[in-house]
Amino acid sequence: MAVNFTAFFFNLTLKQSAGDALMYNGDEKVIIVEGKSDKIKVREVLIEPAEIVCTNGTIGQTELEDLADRLFDRDVYILTDADDSGEKLRKQLKRELPEARHIYIDRTYRQVESCPGHHLASVLIRAGFDADTVFLKKNDLRW
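Counting in our numbering, the sequence shown runs from 1 upward without gaps.
Rather than coming from a laboratory, the hints here were simulated on the basis of the structure. Glycine included, every Cβ here is placed at the ideal spot set by N, Cα and C. Be a bit skeptical, because a hint or two may be false.
[Stated by the list, open to error] Here are the in silico distance ranges between beta carbons for each label pair:
(1) 102 / 72: 31 to 41 Å
(2) 126 / 83: 34 to 44 Å
(3) 61 / 134: 15 to 25 Å
(4) 108 / 65: 13 to 23 Å
(5) 95 / 134: 30 to 40 Å
(6) 91 / 36: 34 to 44 Å
(7) 88 / 134: 28 to 38 Å
(8) 136 / 70: 14 to 24 Å
(9) 56 / 132: 36 to 46 Å
(10) 58 / 114: 37 to 47 Å
[What the hints assert, rightly or not] Computed list of lysine-lysine pairs in DSS-like fashion (alpha-carbon distance at most 27 Å, straight line):
(11) 94 / 36
(12) 88 / 36
(13) 29 / 88
(14) 91 / 36
(15) 91 / 29
(16) 29 / 94
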């Protein structure tokens, strides 16, 4: 049985949680993250529309090229974990998407999904995103 991995990959990664809407316009920002938990964390902090694409870890060259073609002429940001696998993925993406901007979390937190909301909000704001300022409070009980 043949599986169209590219179609599966994009269908899987573009699914949105209930109430989210994808807006496909030329000005939309795209954030590439490693996993679903990272996507959920970023979605909770952002207050502007942005497509969040999960790679589910490192991806093959063909899928990477397809992703680069699909994201051509879009504002692409790369947000990976501050660990070896995150750096490996970042290097892969940097080769195919040289114009992409890089967002880094502090190495202390290691993973996007487990970094405090106030930290994620501040790095997203510094990168030019609109993030919910309620997360800038360190003592926010949600994080």
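Structure-based check of each hint:
1. 102 / 72: 31 to 41 Å: violated, 18 Å
2. 126 / 83: 34 to 44 Å: violated, 21 Å
3. 61 / 134: 15 to 25 Å: violated, 41 Å
4. 108 / 65: 13 to 23 Å: Because 34 Å falls outside the window, the suggested range is violated.
5. 95 / 134: 30 to 40 Å: Given about 37 Å between the Cβ atoms, the range holds.
6. 91 / 36: 34 to 44 Å: About 22 Å separates the Cβ atoms of residue 91 and residue 36, which means 34 to 44 Å is violated.
7. 88 / 134: 28 to 38 Å: holds, 34 Å
8. 136 / 70: 14 to 24 Å: violated, 33 Å
9. 56 / 132: 36 to 46 Å: violated, 26 Å
10. 58 / 114: 37 to 47 Å: Violated - the Cβ-Cβ distance for residue 58 and residue 114, about 20 Å, lies outside 37 to 47 Å.
11. 94 / 36: holds, 21 Å
12. 88 / 36: Answer holds: residue 88 to residue 36 is near 18 Å, not above 27 Å.
13. 29 / 88: OK: residue 29 and residue 88 at ~23 Å, within 27 Å.
14. 91 / 36: It holds: about 20 Å lies between the C-alpha atoms, which stays within 27 Å.
15. 91 / 29: Holds, because 20 Å separates the two Cα atoms, which is no more than 27 Å.
16. 29 / 94: Roughly 17 Å separates the two Cα atoms, so the pair holds.
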